[in-house]
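There are 2 protein chains.
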Amino acid sequence: MTHTVISSHKQEVIIGFDQPFCVIGERINPTGRKKLAAEMAAGDYSTVEADTLAQVAAGANMLDVNAGIPLADEPAILAESIKLVQSLVDVPLSIDSSIVEALEAGLAVYRGKALVNSVTGEEERLEVVLPLIKKYGAAVVAISNDETGISEDPDVRFEVAKKIVHRAADFGIPACDVVVDPLVMPIGALGQAGVAAFRLIRRLREELGVNTTCGASNISFGLPNRHALNAHFLAMAASNGMTSAIMNPLHEEEMTGIMAANVLNGVDTNCARWLRKFRAPPAAGSEEEARRGRRRRRG
Amino acid sequence: MTHTVISSHKQEVIIGFDQPFCVIGERINPTGRKKLAAEMAAGDYSTVEADTLAQVAAGANMLDVNAGIPLADEPAILAESIKLVQSLVDVPLSIDSSIVEALEAGLAVYRGKALVNSVTGEEERLEVVLPLIKKYGAAVVAISNDETGISEDPDVRFEVAKKIVHRAADFGIPACDVVVDPLVMPIGALGQAGVAAFRLIRRLREELGVNTTCGASNISFGLPNRHALNAHFLAMAASNGMTSAIMNPLHEEEMTGIMAANVLNGVDTNCARWLRKFRAPPAAGSEEEARRGRRRRRG
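Protein sequence lines, in the order shown, are assigned to chains C and V. FYI, in this note's numbering the residues of the first sequence are 178 to 476. FYI, in this note's numbering the residues of the second sequence are 178 to 476.
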């Protein structure tokens, strides 16, 4: 059973087939958020703070932290953000950048075992990112594309993922510390994007034995009623073996989809999380309330 | 590719892996509906009529018709109900009874190729139901339990389904006319009921090549927020290969789950059904409205 263990200085999260689905909050990311980008560039972290607290309160098991702001000092801002987030919450983090210097700056200040987001199958990326993963004892998100681009064929993407896992092993990084992103395409443009993702996720689990993650909302790009599509995509992906996703935990529908998938995949023991969330409190004065009261008094 | 073709005198429905999920409306069933049972026993079919029209309007592709009323003349009432339903709507029917005489009475009046619900793996049932299926050229729902009861082990249930498919072949009924019900258990009582169902559905599809159906709402029995659980169960089951379900098409959440699964499984071509249902109409006077108007005028 593959377990990817990610930790902060205070908490451990296990990503695995026998574990509840791991929700990685995506909100701390200035891409496409002009106001947040301006704030972070100016050293104002109030929105980062608010997003941190809100995502954890909404049930995120980990948080992704990205500081990709054009013309800004990304390494310094990413390190600053990580220190701040770790001072506020206990959940482990995913350190997210396409700039190697920023990843290193983030890893240098991070307390715990981080998830690094991400490395692709391009040889020059592998050669700079993987040594960093090894140096800091981190885990890494592996994106299944390479120099040749993103194939529409899930079997080609599988081969890219396999190559990354093998290259990671060359650097002394075990397969359990490589979390593969199958690259989810918008289904409005590519009608077979769903079945391609499901097929790839299943092969990654059954043949390569690795955990998987994805940016889930991409699937519904351009379509109406996106939350319902995302929620069912997440549940279907989980049913095919996906074990985590980088997503917005503030979206109720998606979180309900994840919780339902946990129940249906048998990883919400005794449906305890589902019951805690959805069981109506007994009405005051009701028999049930009286019974619970008696139980409380006894216990 | 397995196609189960079911028809009325006016319409054909294909159940298959490359087809949109087939929704079989479950409402015409007096079990647990005291008022409906009393009405039908007294020859009053007004609720049957209302349920027929409402289910088809809500998007049912087929309707299940059951007349199981204790101490009533079930064969006569079932035949009467079928004649009425066929006079009202064009969708094909599933003829549902545990009494062989009622099945035969239903088949005798039915116009088209019916689905018969159901036969179990018990030898004495197989020997009376299968000849009837053959005689009327119908298809049949095969329930994966037998004399030994319902096994919790999906692999034992698979063997029962396989036995029924082989016995059907002995009677000249092809595998494509056997739709297997994997028997979905309540997950509140059996935590592994979901994974057992998904595993069995996948084996039935990949190894036996048969279509599948189930009474989906059973999964959530006893739990809160049942519609969300049912909806995600349906989507996850569809992702593992389930091709139809006997369910209540009046439940919006479940129907949205089915529609999302169709999009994500690539069987809602160009997301046409999803767009038709969820795309907001352009606001009057908007640019989009003007553009559509021009297009309409152009022809």
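Bear in mind the hints are in silico, worked out from the structure with no lab data behind them. The structure displayed is predicted, hence computed values, not measured ones. Glycine included, each C-beta is placed from N, C-alpha and C at the ideal position. One or more hints might be untrue.
Listed below are the simulated DSBU-like cross-link pairs for lysine-lysine, each with C-alpha atoms no more than 35 Å apart in a straight line [as the list claims (entries may be wrong)]:
| # | chain 1 | residue 1 | chain 2 | residue 2 |
| --- | --- | --- | --- | --- |
| 1 | V | Lys454 | V | Lys312 |
| 2 | V | Lys454 | C | Lys454 |
| 3 | V | Lys211 | C | Lys454 |
| 4 | C | Lys211 | V | Lys454 |
| 5 | C | Lys211 | C | Lys187 |
| 6 | V | Lys311 | V | Lys260 |
| 7 | C | Lys212 | C | Lys260 |
| 8 | V | Lys340 | V | Lys212 |
| 9 | C | Lys260 | C | Lys454 |
Far from chain V, by Cβ distances over 12 Å, these chain C residues were calculated [unchecked claim]:
| # | residue |
| --- | --- |
| 10 | Asp267 |
| 11 | Arg302 |
| 12 | Phe335 |
| 13 | Gly368 |
| 14 | Trp451 |
Simulated coverage check for chain V against chain C, where a stretch passes if three residues somewhere in it have a Cβ under 8 Å from a Cβ of chain C [as the list claims (entries may be wrong)]:
| # | segment |
| --- | --- |
| 15 | 293-300 |
| 16 | 356-369 |
| 17 | 407-413 |
| 18 | 441-453 |
Verification of the supplied hints:
At most 35 Å may separate the alpha-carbon atoms for a hinted pair to count; Lys454/V and Lys312/V exceed this at roughly 41 Å. For the hint linking Lys454/V to Lys454/C, the alpha-carbon distance of about 30 Å falls within 35 Å, and the restraint holds. This hinted pair checks out: Lys211/V and Lys454/C have alpha carbons roughly 33 Å apart, not beyond 35 Å. Of the pairs offered as hints, the one joining Lys211/C and Lys454/V holds, with about 33 Å between alpha carbons and a cut-off of 35 Å not exceeded.
Proximity of Lys211/C to Lys187/C is assessed by CA-CA distance (about 33 Å); at most 35 Å being required, the pair is judged to hold. For the suggested pair Lys311/V and Lys260/V, the alpha carbons sit about 21 Å apart, so the restraint of at most 35 Å is met. For the proposed pair Lys212/C and Lys260/C, the alpha carbon gap of about 21 Å is at most 35 Å, so the pair holds. Under the criterion of a C-alpha separation no larger than 35 Å, the hint pairing Lys340/V with Lys212/V is inconsistent with the structure, at around 39 Å.
Simply put, Lys260/C and Lys454/C have alpha-carbon atoms about 31 Å apart, close enough for the 35 Å limit, and the pair holds. Distance check for Asp267/C against chain V: the nearest CB is about 28 Å away, which clears 12 Å, and the non-interface claim stands. For Arg302/C, the requirement that its beta carbon stay farther than 12 Å from each beta carbon of chain V is met, with the minimum near 30 Å. Against chain V, the non-interface label of Phe335/C holds: every CB pair exceeds 12 Å, the least being about 18 Å.
Non-interface call for Gly368/C relative to chain V: violated, since the shortest CB-CB distance, roughly 5 Å, does not exceed 12 Å. Distance to chain V contradicts Trp451/C as a non-interface residue, since its nearest Cβ pair spans about 7 Å, not more than 12 Å. Counting residues of the segment 293-300 of chain V whose CB falls under 8 Å from any CB of chain C gives 0; the rule of at least 3 is not met. As drawn, the segment 356-369 of chain V meets chain C at 4 residues by the rule of a beta-carbon pair under 8 Å; at three or more, the given contact holds.
Figure legend: the segment 407-413 of chain V, annotated as covered by chain C; annotation consistent (5 residues with Cβ-Cβ distances under 8 Å, at least 3 required). Given as covered by chain C, the segment 441-453 of chain V passes the check, having 8 residues with a CB less than 8 Å from a CB of that chain where 3 are the minimum.
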